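Residues per chain, in single letters:
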Amino acid sequence: MATGGYVGKILYVNLTDKTTEEIPTSQYEEWGGGYGIGQALFWDRVPDKTIDGFDPANMVSFMTSPMCGTGAPSATGRTEVTGIGIQQYPIGWFTRSNFGGRWSAMLKYAGYDGVAVQGASDTPVWINIVNGKVTFEDATGLWGLDTHETQEEIWKIVTGNVDFRDWWDADSTRDSGRTTAKPAVVCIGPAGEAQTRNACLLHDSGNGGGQGGFGGILGAKNLKAISCIGTGSVPVADPAALMDIRLELKEVHGYNVDDPKVEQPLTGQGTSLFGINTNQPGYAHLLWTANQPARPQGCMGCFKNCRMNFASGLANGDICVEGLFWAASGDLNEQMAAITLLDRLGINAYDLINGHSYLHSLYKMGILGPGKEIHSELPWEEYATYGFIEKLLHAIADGTDIGADLQDGVTRAAVKWGRYEEDIASGLLNRPQWGFQEHYDPRLEVEWSYGSLFGDRDINEHGVNWWVHWMPLVTAALGVPAHFSAERMVELLAEATGVGDPDGWDYSEEGIYADPKLKAVAWHRHYGRFWLQSMLLCDWAWPQLASVNTEDNKGATPEYEIRMYKAVTGKDITYEESLEMGRRIWNLGRAIWTLQGRHRDMEVFSGYVYDVPTTAPYFLPVKENGEWKYGICLDRTLDREKFEDTKTRFYALEGWATDSGWPTRAGLGELGLDHVADELEKNGKLGA
Amino acid sequence: MADNDIKTTEGQGYSRRQFFAGLGGVGVGALLGGFVVKGFIVPEQVMALPASEGYLLVDTKKCAGCDTCMLTCSMVHHGRVNPALSRIQVTKNPFGKFPYDMEQVQCRQCPAPACVEACPTGANHVSEENGNVRMVDESKCVGCERCVYACPFTPSRMQWNHEDKHAQKCDLCANTPYWNEEGGPGGKQACIESCPMRAISYTTDVPVQQEWGYMANLRNHHWGWLSLDTTDFGKEADFELPTNPVPPAAAPAE
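Residue numbers (the working numbering), protein chains in the order written: chain B, 1 to 688; chain Z, 1 to 254.
No lab work stands behind these hints, which were simulated from the structure alone. Mixed in with the good hints there might be a few duds.
[Claimed, not checked] Simulated restraints on C-beta separations:
no., chain 1, residue 1, chain 2, residue 2, range
1, Z, 224, B, 418, 52 to 58 Å
2, Z, 186, B, 44, 52 to 58 Å
3, B, 172, Z, 100, 30 to 36 Å
4, Z, 144, B, 171, 54 to 60 Å
5, B, 559, Z, 96, 53 to 59 Å
6, Z, 181, B, 515, 45 to 51 Å
7, B, 498, Z, 181, 49 to 55 Å
8, Z, 217, B, 44, 38 to 44 Å
9, B, 133, Z, 143, 30 to 36 Å
10, Z, 96, B, 681, 52 to 58 Å
11, B, 381, Z, 224, 54 to 60 Å
[What the hints assert, rightly or not] Calculated cross-link-like contacts (lysine-lysine; reagent style BS3-like; alpha-carbon spacing at most 25 Å):
no., chain 1, residue 1, chain 2, residue 2
12, Z, 188, B, 261
13, B, 554, B, 261
14, B, 629, B, 416
15, B, 642, B, 554
16, Z, 188, B, 156
17, B, 9, B, 566
18, B, 629, B, 642
19, Z, 165, B, 250
20, B, 18, B, 49
21, Z, 165, B, 133
22, B, 133, B, 156
23, B, 416, B, 364
[To be verified] Not close to chain Z: a few residues of chain B, all C-beta gaps over 12 Å, as computed:
no., residue
24, 76
25, 109
26, 240
27, 241
28, 353
29, 562
30, 632
31, 653
32, 688
In this text the structure is predicted, and so the values were computed from the model without any measurement. C-beta atoms are modelled at their ideal positions from N, C-alpha and C, and glycine is treated no differently.
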């Protein structure tokens, strides 16, 4: 049993009858935290795994990890959300989302390691958690408010008119403690209330939990928000050791803002990309830097602080696809306003990041527009203006014009319009698996695409991607030499991951089907499931497989993960054991998807992945004639037959039946999951 | 400026209320720091307390709001993590406009510490053994909270530790049993060491200050190279807001 990290209780909420229950965290400690615990709770408390995501019986968990709230670097503030999703196509798999900020830390200060919500309220409610006291509050007055307004209203309700600069008494007695923080609120906006499949969760300014459609699920549950505030402490097993880790990490791997070891070669627009590999602050918008006075801004406990807050207050704390949203406008101020509107309405940036350009393509093709096959009276001739995107976003939130169809997400709208088969075959709709927008090239960067296909969603884990793809791309784009050679790159990755074989990072035409690659894909899933999704290390910071700040370019992984875990929990595990815990979590998920209807036959990519060659340079390490280099991977497709063979070998590697992809009794038994094998057998879905 | 305002040679204006409130700040502090304050006589009893040998110097424009200072402050002092027990606070409005979106607020080790003056038992004292840092002897604290309410700043830099039941304040890490480093004046401070933005520094001179904070700029040209703001000082915005941000609104579009 751990001596630190957990605060001891998980709050279970039944929205239907407005009852609560406290589950001892120790009952689920074997699953670590985050996704691991959320998934295990789902397994235990949702007997019928085949229900739809909108079903009141769907359980949505908001989980923390032992690291949350402790100051463990870039692992203190993230929250993991689990439940059956509504975004994926054709089936809403049991899935996950994740958001940063401070919500998870505050939940622990308020006394809980997680909140699991089941049932549905017959009227709008929000949940108010203050130092272990839980109340159901009427959300009628909040319904219709956007995500920022909702949070500000809840702050007023909970903490009154106390200025954000002053202490607030958690109770009438001083012994309840005082805090200068405002309640941490996760909420939905109008899009979530409308139960759209691309509605996100939002916390503070830019912390969105987009994938999965959890905003729409909360809308179906009539749950507007969960607010928490607390003044309690989180125990840490060895605080002096955790402090040492923080300081070492800062000095050895952090970006010294006063005197950086490696500084971006240029300043101005576009140079923020360089920060991907240097850990410099404020780089998270990737393609743009501040056009106005700004500061870096970080999630709680971060050692990088990748986001920014701006003089305009627009786009505060937004990152990645939020930050890139509406680049089509070409005007950064309009882009920032569009991002903020997206956040306020509570719409998942990733469903629309290319979704709007797909719609525009249909318009240009004469298929969509006034009086066309897909009738729309939106001002398509004004595409690339703020005025257009404002109307499109409102149409989605309000269910007007084509927004009525887009409330089911872009993928399902394409299905409804009869466009889906043709457009995923041509790549006009470049969604390689489960209806998710392409993120990195599925024909090339295959630990990303294989992992997504064998899983439940776009995996969104950047630890490998920052190095294999972005590093050579960014340095080439800025006209400077790569930080290190391709040969050194694969050595570093092989060593840090523990995979051992540099060929695991060979993205050549042969390498992406070879056995070493499959080991790398499996490592990626196991590491991700434990360290990122269950321990809630930020995927923008971890794993740190290489570094530009060390002489030998070695990163912090895996040494620091293990040290952090021990310092916080008091438990001494090896890196290999941590990966095995990840494999166990990954396999329980595989069992749930199997019960939901997953079969080998479904695990195929969209047609364009096999049939449409790449046309733009895409940097990755490749091994050609025994020599490593950064290749540009042009004119590449995924070979159907080779991929099917690869799939067979991957299933075997994971202990799944090669004909069905279902977990086997032997494989599950090895992981101590015999009860899971029993359930699969009972349902006729145990792999043989 | 009102008639009763006091003006320093630095050209900074302060109301009389601000002056008294910040007596440890620009008042006596400015004198000790070498500034000339016109038309004000420092009472003898104020000068009777020796000045702290060190001060935390914060640059609130450099702060990224990650709360790392708060997390480590509570951890090294108490062996557990709790921002409510941190002696340095970062106050934030996530929707605020830079630089009004957040502040670091820390004890100023006032030359005329109202918290020490208010303590009826001597628990809150000037610690000669620890470089004259203003400290609370927890064993002598009777829990009257006079110090908490005496602190002239918002939020009060004096805290009631609701878990251990005593008043507490920044001791410049003089008493940090859960850290492998020596703290206190002359030693290290957890907030300074852990801040990833290096937005907290240490000075032996009384920093130039306003009621809202220190006038400190710890940002050099490397900060500017990242397209981050390098202008002076603290909360003072010496720039104009962008002229053309389209107002965000979730109200239905026309």
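Evaluation of the provided hints:
Between residue 224 of chain Z and residue 418 of chain B the beta carbons are some 54 Å apart, a value that agrees with the proposed interval 52 to 58 Å. Evaluation of the 52 to 58 Å hint for residue 186 of chain Z and residue 44 of chain B yields a pass: the beta carbon distance comes to about 56 Å. The hinted range of 30 to 36 Å is satisfied by residue 172 of chain B and residue 100 of chain Z, whose Cβ atoms lie roughly 31 Å apart. Taking 54 to 60 Å as the suggested C-beta distance range, the pair residue 144 of chain Z and residue 171 of chain B does not conform, at roughly 19 Å.
At roughly 38 Å, the beta-carbon separation of residue 559 of chain B and residue 96 of chain Z lies outside the given 53 to 59 Å, and the hint is violated. Between residue 181 of chain Z and residue 515 of chain B the Cβ separation comes to about 48 Å, which falls inside the hinted range of 45 to 51 Å. The hinted range of 49 to 55 Å is not satisfied by residue 498 of chain B and residue 181 of chain Z, whose Cβ atoms lie roughly 33 Å apart. Here the CB-CB span from residue 217 of chain Z to residue 44 of chain B is close to 55 Å, at odds with the stated 38 to 44 Å.
Range check, residue 133 of chain B to residue 143 of chain Z: Cβ separation about 24 Å, and the 30 to 36 Å hint is violated. A hinted range of 52 to 58 Å holds for the C-beta pair residue 96 of chain Z and residue 681 of chain B, which are about 57 Å apart. Distance hint for residue 381 of chain B and residue 224 of chain Z: a CB-CB separation of about 41 Å, inconsistent with the stated range 54 to 60 Å. At most 25 Å may separate the alpha-carbon atoms for a hinted pair to count; residue 188 of chain Z and residue 261 of chain B meet this at roughly 24 Å.
A threshold of 25 Å between alpha carbons decides the hint, and for residue 554 of chain B with residue 261 of chain B the separation of about 15 Å falls inside it, so the pair holds. Distance check on the hinted pair: residue 629 of chain B and residue 416 of chain B sit about 45 Å apart at the alpha-carbon level, beyond 25 Å; violated. Our distance criterion of 25 Å between C-alpha atoms is broken by residue 642 of chain B and residue 554 of chain B, whose separation comes to about 34 Å. Simply put, residue 188 of chain Z and residue 156 of chain B have alpha-carbon atoms about 39 Å apart, too far for the 25 Å limit, and the pair is violated.
The hinted pair formed by residue 9 of chain B and residue 566 of chain B meets the criterion: a straight-line CA distance of about 21 Å does not exceed 25 Å. Simply put, residue 629 of chain B and residue 642 of chain B have alpha-carbon atoms about 24 Å apart, close enough for the 25 Å limit, and the pair holds. For the hint pairing residue 165 of chain Z with residue 250 of chain B, the CA-to-CA distance comes to about 34 Å; that exceeds 25 Å, so the pair is violated. With a CA separation close to 23 Å, the supplied pair residue 18 of chain B and residue 49 of chain B stays within the 25 Å bound.
Distance restraint check for residue 165 of chain Z and residue 133 of chain B: the Cα-Cα separation of roughly 22 Å lies within the 25 Å cut-off, and the hinted pair is therefore satisfied. Among the hinted pairs, residue 133 of chain B with residue 156 of chain B is consistent with the structure: their alpha-carbon atoms are about 18 Å apart, no more than 25 Å. For the given pair, residue 416 of chain B sits about 19 Å from residue 364 of chain B by alpha-carbon distance, which is consistent with the 25 Å threshold. A beta-carbon of chain Z is positioned within 12 Å of the beta-carbon of residue 76 of chain B; the least distance is around 7 Å.
With a least CB separation of 7 Å from chain Z, residue 109 of chain B falls inside the 12 Å interface cut-off, contrary to its annotation. Separation of residue 240 of chain B from chain Z is inadequate, the least Cβ-Cβ distance of about 5 Å not exceeding the 12 Å criterion. Against the 12 Å criterion, residue 241 of chain B falls within the reach of chain Z, whose nearest CB is about 9 Å from its own CB. The beta carbon of residue 353 of chain B is kept farther than 12 Å from every beta carbon of chain Z, the shortest such distance being approximately 19 Å.
Consistency note on residue 562 of chain B: stated as away from chain Z, and its beta-carbon is indeed over 12 Å from all of that chain's, at 19 Å minimum. Under the 12 Å C-beta cut-off, the non-interface status given to residue 632 of chain B relative to chain Z holds; the minimum distance is some 29 Å. With a closest Cβ-Cβ approach of about 39 Å to chain Z, residue 653 of chain B is found to remain outside the 12 Å limit, as its non-interface label requires. The claim that residue 688 of chain B is not at the interface with chain Z holds, since no C-beta of that chain comes within 12 Å of its own (minimum 49 Å).
Hint check: violations occur at hints 4, 5, 7, 8, 9, 11, 14, 15, 16, 19, 24, 25, 26, 27; the rest are consistent with the structure.
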